[in-house]
Amino acid sequence: DGGITQSPKYLFRKEGQNVTLSCEQNLNHDAMYWYRQDPGQGLRLIYYSQIVNDFQKGDIAEGYSVSREKKESFPLTVTSAQKNPTAFYLCASRTDTEAFFGQGTRLTVV
Amino acid sequence: GDSVTQMEGPVTLSEEAFLTINCTYTATGYPSLFWYVQYPGEGLQLLLKATKADDKGSNKGFEATYRKETTSFHLEKGSVQVSDSAVYFCALSRRDSSYKLIFGSGTRLLVRP
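For the protein sequence lines, the chains are A and B, in the order given. Quick note, the first sequence lines up with residues 1 to 110 if you use this note's numbering. Quick note, the second sequence lines up with residues 1 to 113 if you use this note's numbering.
Here are some, though not all, of the chain B residues that point toward chain A, as calculated from beta-carbon distances under 7 Å:
id: 1; residue: Glu42
id: 2; residue: Gly43
id: 3; residue: Leu44
id: 4; residue: Leu46
id: 5; residue: Lys100
id: 6; residue: Leu101
id: 7; residue: Phe103
id: 8; residue: Gly104
id: 9; residue: Ser105
id: 10; residue: Gly106
To be clear about the criterion: a stretch of chain A counts as covered by chain B if any three or more of its residues have a C-beta under 8 Å from a C-beta of chain B, and this derived list gives those stretches:
id: 11; segment: 37-43
id: 12; segment: 46-60
id: 13; segment: 90-99
Below, a sample of chain A positions facing chain B; criterion: calculated Cβ distance under 10 Å:
id: 14; residue: Lys9
id: 15; residue: Tyr33
id: 16; residue: Gln103
id: 17; residue: Gly104
Keep in mind that the hints were calculated from the coordinates and are not lab data. Cβ atoms here follow ideal geometry from the backbone N, Cα and C, with glycine treated the same way.
Next comes chain A alone, as it looks inside the complex (with noise of 0.2 Å):
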């Protein structure tokens, strides 16, 4: 089946740890973002990428770091630089006209 993969979908950070989210997708598309989702809020851009090894920064870039070496796969990553990295991420692939989205992973700092 084709679609997007994020793992893993809980992800446990002490301060002052960087961590990596994986999203793979196996869908063809050249388009891959990355989105931060806080309770009660929308989504949030962190970055996305238009074309392997080419990324650009969204509105909440601080504190994060990403890389687009394959098609398929546009990792993030979480850096102790990141104050409040407590929330909901998720990873979408899209075409001209629709975006196909990861099922998430819910990270929290303990």
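Model the placement of chain B on the given structure of chain A, informed by the hints.
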């Protein structure tokens, strides 16, 4: 910049009631408009979309019409079910902004038996 405004929830309805969730947008040019649904603990699923003025998107009994004159894309359903309980997001994207999706804050719908 572009933005989407949705009515605040939660919206609580009895089964078989009529549903309206209001959505208005601000954008330059001609955005595409979307409704996404999110069930607890899951990602977002596309519910319906419209790509130009006066288009009506529909799916699973839900409908929304792209109204450029009022910059609105209100979601409606004639008879809701308990299984429709979820969070609904209105969103827009534009070709000249790299098709980035701009989301509203979401509206939680709770349908009681």
